[in-house]
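6 protein chains.
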Amino acid sequence: MLDLRAATSPEVAEALARGDAVAVLAVGAEEQHGAHLPLSTDTVMADGVARRIAEGLGNALLLPPVAYGDAWNNEGFAGTLSLSPDTLRAVLIDLGRGVKRLGVAALVIVNGHFGNREPIALAARALTGEGLRVLALDYPGMERIAGAICDSTPAAPTFYHADEVETSMMLALAPDLVRMDKAAPEYPEFPETFGMEPMLLSTFNRSGVFGDPRPATAEKGEAFIAGIAAESLGIIARFLSRPA
Amino acid sequence: MLDLRAATSPEVAEALARGDAVAVLAVGAEEQHGAHLPLSTDTVMADGVARRIAEGLGNALLLPPVAYGDAWNNEGFAGTLSLSPDTLRAVLIDLGRGVKRLGVAALVIVNGHFGNREPIALAARALTGEGLRVLALDYPGMERIAGAICDSTPAAPTFYHADEVETSMMLALAPDLVRMDKAAPEYPEFPETFGMEPMLLSTFNRSGVFGDPRPATAEKGEAFIAGIAAESLGIIARFLSRPA
Amino acid sequence: MLDLRAATSPEVAEALARGDAVAVLAVGAEEQHGAHLPLSTDTVMADGVARRIAEGLGNALLLPPVAYGDAWNNEGFAGTLSLSPDTLRAVLIDLGRGVKRLGVAALVIVNGHFGNREPIALAARALTGEGLRVLALDYPGMERIAGAICDSTPAAPTFYHADEVETSMMLALAPDLVRMDKAAPEYPEFPETFGMEPMLLSTFNRSGVFGDPRPATAEKGEAFIAGIAAESLGIIARFLSRPA
Amino acid sequence: MLDLRAATSPEVAEALARGDAVAVLAVGAEEQHGAHLPLSTDTVMADGVARRIAEGLGNALLLPPVAYGDAWNNEGFAGTLSLSPDTLRAVLIDLGRGVKRLGVAALVIVNGHFGNREPIALAARALTGEGLRVLALDYPGMERIAGAICDSTPAAPTFYHADEVETSMMLALAPDLVRMDKAAPEYPEFPETFGMEPMLLSTFNRSGVFGDPRPATAEKGEAFIAGIAAESLGIIARFLSRPA
Amino acid sequence: MLDLRAATSPEVAEALARGDAVAVLAVGAEEQHGAHLPLSTDTVMADGVARRIAEGLGNALLLPPVAYGDAWNNEGFAGTLSLSPDTLRAVLIDLGRGVKRLGVAALVIVNGHFGNREPIALAARALTGEGLRVLALDYPGMERIAGAICDSTPAAPTFYHADEVETSMMLALAPDLVRMDKAAPEYPEFPETFGMEPMLLSTFNRSGVFGDPRPATAEKGEAFIAGIAAESLGIIARFLSRPA
Amino acid sequence: MLDLRAATSPEVAEALARGDAVAVLAVGAEEQHGAHLPLSTDTVMADGVARRIAEGLGNALLLPPVAYGDAWNNEGFAGTLSLSPDTLRAVLIDLGRGVKRLGVAALVIVNGHFGNREPIALAARALTGEGLRVLALDYPGMERIAGAICDSTPAAPTFYHADEVETSMMLALAPDLVRMDKAAPEYPEFPETFGMEPMLLSTFNRSGVFGDPRPATAEKGEAFIAGIAAESLGIIARFLSRPA
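Going line by line, the protein sequences match chains A, B, C, D, E and F.
Read in order, the letters of the first sequence correspond to residues 2 to 245 in this note's numbering.
Read in order, the letters of the second sequence correspond to residues 2 to 245 in this note's numbering.
Read in order, the letters of the third sequence correspond to residues 2 to 245 in this note's numbering.
Read in order, the letters of the fourth sequence correspond to residues 2 to 245 in this note's numbering.
Read in order, the letters of the fifth sequence correspond to residues 2 to 245 in this note's numbering.
Read in order, the letters of the sixth sequence correspond to residues 2 to 245 in this note's numbering.
It should be emphasised that the hints constitute simulated quantities derived from the structure, not laboratory data.
Certain hints may be false.
Any copy, or any two copies together, can satisfy a pair, since identical chains are not distinguished.
Okay, derived cross-link-like pairs now, EDC-like style, lysine to aspartate or glutamate, Cα gap no bigger than 20 Å in a straight line [to be verified]:
#, residue 1, residue 2
1, Lys183, Glu232
2, Lys101, Glu12
3, Lys101, Glu193
4, Lys183, Glu12
5, Lys101, Glu131
6, Lys183, Asp4
7, Lys183, Glu131
8, Lys183, Asp87
9, Lys101, Glu76
10, Lys101, Asp152
11, Lys183, Asp95
12, Lys183, Glu15
13, Lys183, Glu193
From a predicted model like this one, the values you see are computed outputs, not experimental measurements.
Please model the complete structure; the sequences and the hints are all you need to start from.
Quick look at the structure:
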């Protein structure tokens, strides 16, 4: 695995020469995560999982993560910064064209933020049309693992934000950035039209936390990372073995 | 100074409440830098200088750096990945609108890559038209400092790429990413139409190095960073004191 | 309720003069639906549900439906025709601006096709930013009703395509367009990477049917339409009663 | 002839297999037509003529009509809703690419609204450049027939809007949507700069009618439809017989 | 009248200070005009007419002409160069915004090329929406004058290209650019689908001439220019006297 | 050399048939140049130099100049009119595609305005990607010649605007447009952040002049034109002799 932040150009050339290099790109966000997690939580997590996946692959190029995503619905909280969905798609298409030019076998996108899903899907469709195979992963297995090891319940099904799941992963990946003394639960009441109209989360959520981060541990976080990476690697293996 | 990677949303809210927060954004590149410097050199350098500037400001918000730039003319070397100029401009406009929404007094862009200059200038023009003050810095003082402390000459006037200047700064900022044993000089002959027609640097440069990185030292790097930051802070102070 | 296909301009002026008119817009698709349902199934269904909703509202303007959607993943079957997601979004923004100009209180979008969800959401975000309230409905209550009255199981959770649900609704809305003699079940095996990479449904689905349309009846269809309309009307009432 | 609203995917596949299928697309508008004709008049008319043309062709695919056009200059009257010219062009290009993918021999566009002409022409130019033959028909023969059978004169040469011509065609196609009791003439005075500057028709036209709809009859309408279809079929035959 | 090619900035400032300055912009084309007229014919003509109009106005700013238009259908002949319709519209919008910023009372566009009509109309619509009054003139009175003074008939009604009309105007405006010894008539047969499908004129026109340029004289040309200018001035006077 | 304003289509066809035609395009600006030079100064100069270059080439097509550029930073002075950088780029790409279709060997752009540099560079990059060779010249040799023959110093290094250099060239090219009686020097103080933030020149420059135009003579102007043309021809010769 080559981390393209640390790697040099000749090293990349050598990896590409083997003919089976896979590019791995994490896409995160700069988004409020309550008082106990940093704004870069989604980027740190996606990059951490992407790194684990890259390590598990034979010949992976780990790209610098995209540190900004479409965090529109968290703009009611200070510190959130977004790319528009169109800009994010353009970034991903540019990077996809770049790795295609390099000659990789495929691009695996590790998405760490819900709002990025559709721009990623549209970029993937465009890139596939240009001849690059693209696989977009949204933490496969996370829901299953959460059900198995979490002590708290999520604020809504599969809605993990600044809660036990994310806090655990951050404790495993970047403990210095977590302030457990500020971790406090909030189970907001979702408006009935949530998901049906554009809505800032801050209109019904006070603290930025969804659920209860207090039971989080680094061990649980490592279980998430290892489990998601393992599931991802299985999916990637089958993805690569299918004819394009 | 708040590093918006590590900071939390309430911390940003507090900084903004003071009314004089300045956003500082580094813009780098993912670009070949020879066999001895990493692909992320321009991002590491811009982020390092931006951090030093942010530290010198009273109330600065240091944004996560933009890790990709327009490195088109280095695409002949493996590992270079670019945003198109239009995409880069869109990214900067989105982020500028974001910090304007937050309520900062101004946005200072610390650019680490020549190819980013025009997208930054166009984004600045657009954002200024929308009411955000934007200052774009291209390592002010670098040429003067290089003249004063460098032992080698640049490959061309003000053309610093994987040379003594950049290698020194990387030795100061991220010594683990520098492989001095692979540092070797190259003084390519520039084609007469360089700058007059689109041209990949790889058509006349073999190693990716322009100049001689061998005399680089961390001390020189620190002198560059400190000198550029000091000069930048003076410019910013006068920029902020002018009426908008 | 005014059907804007049949209504005249003075009638619309009169409805608008009351000050509380709500625009209702169905968005469908031109997409294969197996051998027993017409290509316009999604449009017929969305228009039928939208009409029922409009009838239940005090002062509704029922717009002509958008007859084309983003049916990209069904383009492997003959007859499917798509708008690109960007074009669909542009259509919706234009129509939203149009009803805003007319002076409606809000726009309710009744979506009949999964692939339209994100373009609708992005158009809604843009229009909300321009001052128009927009609510997007994706057949609320359908899953609950299906669980209660269907005799067959869906091919995948909440995946209703040319199955008992859609066939029942078409039997209720446009029986002449349904050929029950050609209705045949198919329960395709979904590839593991379904939803993770751009994928034509025709690569793993032979007939265009997902599930079993044979138990469909017009009575079940009417139950769906009535139930979805009732649930929608409740949501709309609460949506309209909230301050903008 | 297959009406792609009612047809199924296998039926389209069969028609396409013959190799000579022609797509026929009506483009209408949602636009005021006085107090006696519905807002969808242009769509109903274009669809009616397109259907007649499709019936006359050997192997035609009649697409669902585009129900919205560029009706900008009628936006001074309630109920008019427009696509911008750029959006309309994008819709037509998407649909053209769609039928090209299906493998039709050509696309015939039946335009029912003056404001759509240029977007159609630009879409046709773009699609022709992509290898699809496109013919755009603007009711050929209408002026000649009007001269022969109409009892009233138009408000301006070839300007037919809510007048005897359109009202007759609507009486033939959708008599339930016509309210002859509300039909009243208006011969507005056209400003000298009409056609030279952007101008809402409502600035000089009070009722939305141009001319005199009162002499309209269904028989005249049928004569228009039959005559335009016959003339169109002759043009299409020669268009298809020319080498691409 | 100020010709903005020759005028200086202080002179423009003085004209604007009077408060009633009108901008006059000619839009031409770079397009084949047979063997006897130059490629810039449409620009020379539009500029000549625009100058005459500007001279007749009290306080006019005559802009440098736009020397390229949308001459797509003449691209089958060597030397024709086009702006796309979108680019031409963008140029006109930029210039309209520019004169609006200067503070003119209105913008009068003198169009010299048929293919520019729709881009001009769309730019005018956009600019009107931004608060600039725009009038677009297409040689008003030309048809009437041609009927009165021409000795030849046009190749098609109102179709004047490299014929007696244009050649006369060029003889009046730029006799050095006309080679009457090469003037020869051509009356091509127009395909039945002309105007209904994208079609290069070169597919049915051999010489680039439509009609008969041989009876052209400078006197006739002067009659055209004077007559069109007079008619234009009347229209402009009434345009300006109308409330915006 | 063919001037495509005066040339006819058959003449262009003949020049192209030789197979080695080079297109030469001047890009100017409509921009304030003080009280003694016309707004079209940059266009007149670029066109004059381009003509001299075209005359020196064996088989050149001199296109009509682009008379508007990106003069944003002079919009504080009356009479300046700009194309946006995106519009200017689009114009150049359209014209580049046009000359590529004609079959020229290359496109040489003669730029007469600093603000046009980046749009030209981006257009050149795009066109090169489409297979057209493009060379962009910014008055090569001007600085050297100025150093040799000018009696005044520039207001800033390589900053020539309405000064001795430009006034001399205008005296050589269009003496009727120069009013030496109004020529007066100004050596403004440049703000420290000049070039670092969007800034109108009028905020620190009173007269529109940078430097001292008074020593200008037509002889010096001719020396500039001849010297720049000679240097340009050398560069073009080597550019054309390199393999594409």
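Results of checking the hints against the structure:
1. Lys183 with Glu232: Close neither inside one copy (32 Å) nor across copies (39 Å); limit 20 Å.
2. Lys101 with Glu12: Within. Shortest intra-copy distance 17 Å satisfies the 20 Å Cα cut-off; inter-copy 39 Å does not.
3. Lys101 with Glu193: Neither. Shortest intra-copy (44 Å) and inter-copy (24 Å) distances fail the 20 Å Cα cut-off.
4. Lys183 with Glu12: Result: close only across copies, 12 Å inter versus 43 Å intra.
5. Lys101 with Glu131: Classified as both: same-chain Cα gap 9 Å, cross-chain 19 Å, threshold 20 Å.
6. Lys183 with Asp4: between (33 Å within a copy, 19 Å between copies)
7. Lys183 with Glu131: Classified as neither; 47 Å inside a copy, 37 Å across copies.
8. Lys183 with Asp87: Answer is neither; intra-copy 35 Å and inter-copy 41 Å both fail.
9. Lys101 with Glu76: between (34 Å within a copy, 12 Å between copies)
10. Lys101 with Asp152: neither (43 Å within a copy, 40 Å between copies)
11. Lys183 with Asp95: Neither, since 39 Å and 31 Å both go past 20 Å.
12. Lys183 with Glu15: between (47 Å within a copy, 16 Å between copies)
13. Lys183 with Glu193: Neither: 30 Å inside a chain and 40 Å across chains, both beyond 20 Å.
Hint compliance for this structure: hints 1, 3, 7, 8, 10, 11 and 13 are broken, all remaining hints hold.
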